[in-house]
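Asks: Residue strings, one per chain:
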Amino acid sequence: METLILLLALFVLALFLGVELITKVPPTLHTPLMSGTNAVSGITLVGALLAAGTGSSPMLVNWLGFIAVTLATINVVGGYLVTNRMLAMFKRK
Amino acid sequence: MMSGSLINLIYLIAGILFILGIKGLTKPKTAVRGNFLSALGMLVAVVITLFTINDVDFTYVIAGVAVGGIVGAVMALRIQMTSMPQMVALLNGFGGGASLSIALAEYVTRTGINPASISDFLQPTVVAASAFGEGAEATIALVSISLTVLIGAVTLTGSLVAFSKLQELMKKSYGLPGGPFGNGILLLGALAAVAFLVINPGNTMAMVAILGLALLLGLFLVMPIGGADMPVVIALLNSYSGIAAALAGFILGNTVLIIAGSLVGTSGLVLTKIMCVAMNRSLANVLFGKMAAGGETIDADEIYDGKVTSAQPDEVAMLLETAQRVVIVPGYGMAMAQAQHAVRELADAMVSKGVEVEYGIHPVAGRMPGHMNVLLAEAEVPYDKLVEMDRINPTFEDTDVVIVIGANDVTNPMARDIEGSPIYGMPILNVDKAKTVVVIKRSLSPGFAGLPNPLFAMDHTLMVYGDGKKAVIEMTTALNQL
Chain A
1 METLILLLAL FVLALFLGVE LITKVPPTLH TPLMSGTNAV SGITLVGALL
51 AAGTGSSPML VNWLGFIAVT LATINVVGGY LVTNRMLAMF KRK
Chain B
94 MMSGSLINLI YLIAGILFIL GIKGLTKPKT AVRGNFLSAL GMLVAVVITL
144 FTINDVDFTY VIAGVAVGGI VGAVMALRIQ MTSMPQMVAL LNGFGGGASL
194 SIALAEYVTR TGINPASISD FLQPTVVAAS AFGEGAEATI ALVSISLTVL
244 IGAVTLTGSL VAFSKLQELM KKSYGLPGGP FGNGILLLGA LAAVAFLVIN
294 PGNTMAMVAI LGLALLLGLF LVMPIGGADM PVVIALLNSY SGIAAALAGF
344 ILGNTVLIIA GSLVGTSGLV LTKIMCVAMN RSLANVLFGK MAAGGETIDA
394 DEIYDGKVTS AQPDEVAMLL ETAQRVVIVP GYGMAMAQAQ HAVRELADAM
444 VSKGVEVEYG IHPVAGRMPG HMNVLLAEAE VPYDKLVEMD RINPTFEDTD
494 VVIVIGANDV TNPMARDIEG SPIYGMPILN VDKAKTVVVI KRSLSPGFAG
544 LPNPLFAMDH TLMVYGDGKK AVIEMTTALN QL
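Read top to bottom, the protein sequences are chains A and B. Each residue of the first sequence is one higher than the one before, counting from 1 in this note's numbering. Each residue of the second sequence is one higher than the one before, counting from 94 in this note's numbering.
Please note that a few of the clues may not be correct.
What the hints assert, rightly or not - Listed next, the in silico SDA-like pairs over lysine to any residue satisfying Cα-Cα at most 20 angstroms (straight line):
#1 A/K91 x B/K116
#2 A/K24 x B/R484
#3 B/K478 x A/M89
#4 B/K116 x A/V19
#5 A/K24 x B/V370
#6 B/K562 x B/A404
#7 A/K91 x B/L130
#8 A/K24 x B/D483
#9 B/K366 x A/L17
#10 A/K91 x B/V480
#11 A/K24 x B/I109
#12 B/K120 x B/L130
#13 A/K91 x B/P539
#14 B/K116 x A/P26
#15 B/K116 x A/T23
#16 B/K528 x B/K366
#17 A/K24 x B/K122
#18 A/K24 x B/D477
#19 A/K91 x B/F129
#20 B/K563 x B/S538
#21 B/K116 x A/L10
#22 B/K366 x A/F16
#23 A/K91 x B/D477
#24 B/K478 x B/E449
#25 B/K116 x A/N84
#26 A/K24 x B/R126
#27 B/K120 x A/A88
#28 A/K91 x B/K528
#29 A/K91 x B/A472
#30 A/K91 x B/E481
#31 A/K24 x B/E481
#32 B/K122 x A/A88
No lab work stands behind these hints, which were simulated from the structure alone. Computed from a prediction, not measured in an experiment: that's the story for all the values here.
With the rest of the complex left out, here is chain A:
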């Protein structure tokens, strides 16, 4: 229960911090912001690794773990690469 309260505190503080940060991102960078946050949401890769199951897990768990790892990796790799591609366009002058 105590852990839960701590996690909840972390969640709420991160929400407030998120609002403060995001409102400062200029409209010019809103599309890279979205693809960049897509990449960040690929943090579910960590969750996918933790939930992927062991050799003795049911097949269903292994397959769900495989799907989760695949989808999260697409977000991480695709998200960071495409964001970098876009930001490079804004860099040159």
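Since the structure of chain A is provided, determine the placement of chain B on it from the hints.
Replies: Coordinates of chain B only, in the frame set by chain A:
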């Protein structure tokens, strides 16, 4: 095996890197570094997690990383900038799908069921309450798992529909009978199944019901929504994918999932709000409503009849040559005509004649937040020439010529002047305040709002009819010959 505290400290470092990454995005100059810091945070979090899971079956993990890595890289390197909304829609959906799969995997693991077939899975099993922890802990675990399934599934199918609409695979809008009520019933049904599952953790039917209802809800939430409202929908689904990730963090008691997920969740929400304000519509109106039907029908012929002046590109070129300040107002029509490069060349030609040129960007000029800026940046327009609505509006009075290309509703003065018009109150670019307005357009046909635009009939407005790209190229050629 590493100690839990050390792992959590390293997760904290990853979280800080994500925050610094987003902070970097507040300025174009620091943005590339920000993206790099964020990626570094991801690497740190993933590597440290790999050290903690020594008994995992790595066949599936390696296969997943290989498939996902290749698909992600190919998508990122191949995608056209005009199709960025489609890519973001897919990534939103994948994020939701990943959280959904994690929650289902946790559910199966903790209940200890080992179904060999689907009919096996549907057999309710008796699960010791302790499988999900003690007392309140069990309730919280089950609520987190089922809400992650719910939001993850809505994000997954909703995003796939958004993708199909943007890609124009799905052109019509379908909805449930009863509109919002139909969706409300689906949502209530899913929430009832959540409650039932919390009381009967072993009843896999309840889990199947949550999953099925949520998948349907995602479909029917997005299917009725039209193309013009897609910027709001994509931003909202972006937010859902973050919330699903944060909830998955609660299931696993994982701090970095919670930090990253809530940052993504708020980012999507803030962007959703910005888009709603830019269209002067509430979120409920975008999700459930249609554009308000105009009080009296406005007769297009009455507005346009005999009052529209048209011009040829070479006449416009003469105007541009003598101008001191020109503002270009692009809309999505410009991107559809693939005219970005042509527009930039016209701007270059003007600058070489000593004309000051800026671009006025309405927040919903593209198909997603900031889309127009990316399209122009790709055409090598310097980002400091891309000026947002609030900053460009006061400058129109000192502007000699405004060139509107592929934009319509966002320049319609009815939104500002005519109370009772369906778009009244929507913030617009006040292009009609400039000395001359040049509108490049195929015909006088209305935009998404279906309204005539009195701007086209104003005395100081010149209509250049034809293909946007061709007209701009002709202007550039004529200007260079002057």
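Asks: It remains to establish, for every hint, whether it holds in the given structure.
Replies: Hint check results:
1. A/K91 x B/K116: 16 angstroms, holds
2. A/K24 x B/R484: 16 angstroms, holds
3. B/K478 x A/M89: 14 angstroms, holds
4. B/K116 x A/V19: 12 angstroms, holds
5. A/K24 x B/V370: Holds: A/K24 and B/V370 sit about 17 angstroms apart, inside 20 angstroms.
6. B/K562 x B/A404: 16 angstroms, holds
7. A/K91 x B/L130: With Cα atoms ~17 angstroms apart, A/K91 and B/L130 stay inside 20 angstroms; holds.
8. A/K24 x B/D483: Roughly 15 angstroms separates the two Cα atoms, so the pair holds.
9. B/K366 x A/L17: Distance ~17 angstroms between B/K366 and A/L17 Cα, so the pair holds.
10. A/K91 x B/V480: Satisfied, since the Cα-Cα distance of roughly 17 angstroms is no more than 20 angstroms.
11. A/K24 x B/I109: 17 angstroms, holds
12. B/K120 x B/L130: 15 angstroms, holds
13. A/K91 x B/P539: Judged against 20 angstroms, a Cα distance of about 37 angstroms means the pair is violated.
14. B/K116 x A/P26: Since the Cα atoms of B/K116 and A/P26 sit roughly 11 angstroms apart, the hinted pair holds (cutoff 20 angstroms).
15. B/K116 x A/T23: Answer holds: B/K116 to A/T23 is near 10 angstroms, not above 20 angstroms.
16. B/K528 x B/K366: Given that 20 angstroms is the threshold and the Cα spacing comes to 33 angstroms, the pair is violated.
17. A/K24 x B/K122: The hint holds at about 14 angstroms.
18. A/K24 x B/D477: The given pair, whose Cα atoms are some 17 angstroms apart, holds under the 20 angstroms limit.
19. A/K91 x B/F129: Since the Cα atoms of A/K91 and B/F129 sit roughly 14 angstroms apart, the hinted pair holds (cutoff 20 angstroms).
20. B/K563 x B/S538: Within the cut-off at roughly 19 angstroms; holds.
21. B/K116 x A/L10: 19 angstroms, holds
22. B/K366 x A/F16: Given that 20 angstroms is the threshold and the Cα spacing comes to 16 angstroms, the pair holds.
23. A/K91 x B/D477: 11 angstroms, holds
24. B/K478 x B/E449: It holds: about 10 angstroms lies between the C-alpha atoms, which stays within 20 angstroms.
25. B/K116 x A/N84: Holds, because 15 angstroms separates the two Cα atoms, which is no more than 20 angstroms.
26. A/K24 x B/R126: Given pair A/K24, B/R126 holds - Cα atoms ~17 angstroms apart, limit 20 angstroms.
27. B/K120 x A/A88: 13 angstroms, holds
28. A/K91 x B/K528: Status violated; Cα separation ~34 angstroms.
29. A/K91 x B/A472: 13 angstroms, holds
30. A/K91 x B/E481: With a Cα-Cα distance of about 18 angstroms, the restraint between A/K91 and B/E481 holds, given a limit of 20 angstroms.
31. A/K24 x B/E481: At roughly 14 angstroms apart (the allowed maximum being 20 angstroms), B/E481 and A/K24 satisfy the hint.
32. B/K122 x A/A88: 10 angstroms, holds
Checked against the numbered hints given earlier, this structure breaks hints 13, 16, 28; the rest are met.
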